[in-house]
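Given next are the chains, with one letter for each unit.
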Amino acid sequence: MAETILIKNGRVIDPANNLDTISDILIEGGKIAKIGKNITAEASQYIDASNKIVLPGIVDMHVHLREPGREDKETIDSGSRAALKGGVTSVLAMPNTEPAIDSIQSIGILKEIIKRSAKIDVFISAAITLGRQGNQLVDMKALKDSGAIAITDDGASVEDEAIMYETLKMAKKEGLLVIAHCEDRELSAGGMVNAGFTATRMGLRGISKESEYLRVKRDIAIAEKANARLHIAHISCAESVEIIAKAKKRGAQVTCETAPHYFSLTEEAVLGYDTNMKMNPPLRGSSDRLAIVQGLSDGVIDAIASDHAPHTDNEKEIEFERAEFGVIGLETILAVSITELLVKGALDWSGLAEKLALNPARILGIDKGTLGIGRSADITIVLPQEEWLVEKKGFVSQSKNSPYIGKRLKGKVAYTIYSGMIAYSGISKNQAQEH
Amino acid sequence: MAWIRKDLLGLEDLSREEIELILTTAESFKEISTREIKKVPALRGKTVVNLFYEPSTRTRVSFEVAAKRLSADVINIATETSSVRKGETLIDTGKNIQALKADIIVVRHNCSGAATMLARHLDISVVNAGDGWHEHPTQALLDIFTLKEKFGRIAGLKVSIVGDIAHSRVARSNIWGLTKLGAEVTVCAPKMLIPEGIEKMGARVTYDIDEALKEAEAVNVLRMQFERDEKAAFPQQLEYFKQYGITTQRLKKAKKKIIVMHPGPINRGIEISSEIADGENSVILEQVTNGIAVRMGVLFLVAQARDNNGGNHTD
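Residue numbers (our numbering), protein chains in the order written: chain Y, 1 to 435; chain B, 1 to 315.
The hints are simulated quantities; they were obtained by calculation from the structure and are not laboratory data. Keep in mind the model is a prediction, meaning the values are calculated, not measured. Watch out, some of these pointers could steer you wrong.
Stretches of chain B that chain Y covers, calculated by requiring three or more beta carbons in the stretch to come under 8 Å of a beta carbon on chain Y [said to hold, decoys possible]:
(1) 26–40
(2) 124–137
The list that follows gives simulated cross-link-like pairs (lysine to aspartate or glutamate, EDC-like), each with its CA atoms no further than 16 Å apart [what the hints assert, rightly or not]:
(3) B:Lys148 <-> B:Glu217
(4) B:Lys200 <-> Y:Glu268
(5) B:Lys180 <-> B:Glu17
(6) Y:Lys344 <-> Y:Asp274
(7) B:Lys95 <-> Y:Glu317
(8) B:Lys191 <-> B:Glu217
Note that the Cβ used here is the ideal one computed from N, Cα and C, for glycine as well.
I would like the entire structure built from these sequences, with the hints used as guidance.
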């Protein structure tokens, strides 16, 4: 049962409507009914948002929820509770589950679980090839009709160029977004950390930047040939940013995302063999990190997505070379972005709302990411000055493999409103009284 | 200065002073092995566990002899005979050994970083006896000890390391240790065996063996592991010997008193000729002898650090 909620005196940020002003918001029947100053209304709940930032609910377009198949790592229930804690109200679920989301049957299973246990909007991406094996294309039309909005073999690149070309052409016809995981496995085989000095001093095989950006280049070329749209996932290095910038300049229909770890951490962090610093692509050098920050601030990089990749302690607390790749990110995506981008001046609040909500919603073609009147009331209210210590025991996600454990972050979610309901409150009694 | 680390994981982490302290400690222990009764009570009542996940005879025996000459009790665990085979993780195995109230684990593992990880999870001492391609600190320390004995100094010494640098933990530990003490280190190998960025560790790179030997006062010859299953092109054994093998012919162009070292076991006729291995420039067997003293020094220092202050975590 949707309530009437009145949010008072928040700094309301809505880049879609060029809004950055102290304002009230009235929510009725799950929708945003009114935005303006001095709204008076009978509400079942009042939120004092003074000294707080009111953002469109975060749209995280790269999330591994692991269900069906790997419920030991995460479920749609635990993953969506983690999302709410992080201020995330919509996610795109990656299809590398067990089974992979590559058929009407597997989409059916997934939709059933979403219906039963999702607490946020979970959008569906399907695989590009059957079983993500890179050989045989899925039935795109059937998957689209069953509810997929994007296709990706994430975790792997489509090796065969002819298949990639076919993919882009057909996806265009069906109106599906193609998301490319760009990695040349011939070049990255056996790699564990960034190639170069880091790999050498750690005694590990490297994952070169070439293995990423040569594939970025190739996939953009194929997309241009197919005259189709392409979204590139989790870019990590300066060369990728540069290649995408040039492609955009000449009019290629390409968008891209990066993940918080690529603008907040560098390869230095992995030197102690902490498996929570092990992900693919790997943490790169400091000039790469700076290029990612620059790419975000000058608009080459469209979106920030967590690449939330839960793994159990059993898969992480082992020898570095044997540990799984990937880190969780839903609960830290906003705070890391505030700490590293907003506080340091790379993005303002509108810029942050663009990267975290508006742009991913537009790329996915979903009706999210803004605070427009009549829209579903998905709202994240932030305490911008609040500092908090990231602790392993504090995570809601079923897995705890965060690279930020032990670090202090700035910016805490006070409330997450999903579909007109207060779905998460991070405000303590003290804070509630203070404001 | 005092030694405060509970672990010895690599030479990258150590300061010059810490390395020198190990060498001095080792020096004072060397004489013990020449006594009629080769034993002192320094580690009496302590238990040292050799936990070896890779086959190794010489390093394991060297640690065992070192521990016994200090009167420690020694237990050897080889993975073929342990519950590791039944799927126990490294950390669980380590915690079980800790629960047995052992004092020091000497670990050899094929994964880089294994010793670091173990040390992070345990309160007892961990000594790295070789982890993947990462580090083999006691081997480098015994190499440096031997050089210091021969030359009386390390600062300014020109040392060349020849062979498969890319896959060598011995090379990495030697580069860190030698450069910290002020030696000039050159690494030499075919290009495919030189890892990217090695010069940032402080080593000069050359692909020309004659150039590497020309000015060198010592050459450390690494074992070539042709059994390695590498996808990248790897030199053929005979071709390697022809181009990079340390032979009498080749050493004629080097300094007359050049010292030849090898961490063993040697592949005669592959990276080194028998004539050189057994010749007057070779200190290969002295290295083995010195290995005991160095490992006695390391075991003594880490045990003492734990006795004194519970030991600092060194990650």
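To see whether the hints hold, each was checked on the structure:
no., hint, in the structure
1, 26–40, "violated (count 0)"
2, 124–137, "holds (count 5)"
3, B:Lys148 <-> B:Glu217, "holds (12 Å)"
4, B:Lys200 <-> Y:Glu268, "holds (14 Å)"
5, B:Lys180 <-> B:Glu17, "holds (9 Å)"
6, Y:Lys344 <-> Y:Asp274, "violated (26 Å)"
7, B:Lys95 <-> Y:Glu317, "holds (13 Å)"
8, B:Lys191 <-> B:Glu217, "violated (23 Å)"
The structure does not agree with the numbered hints 1, 6 and 8 stated previously, though it agrees with the rest.
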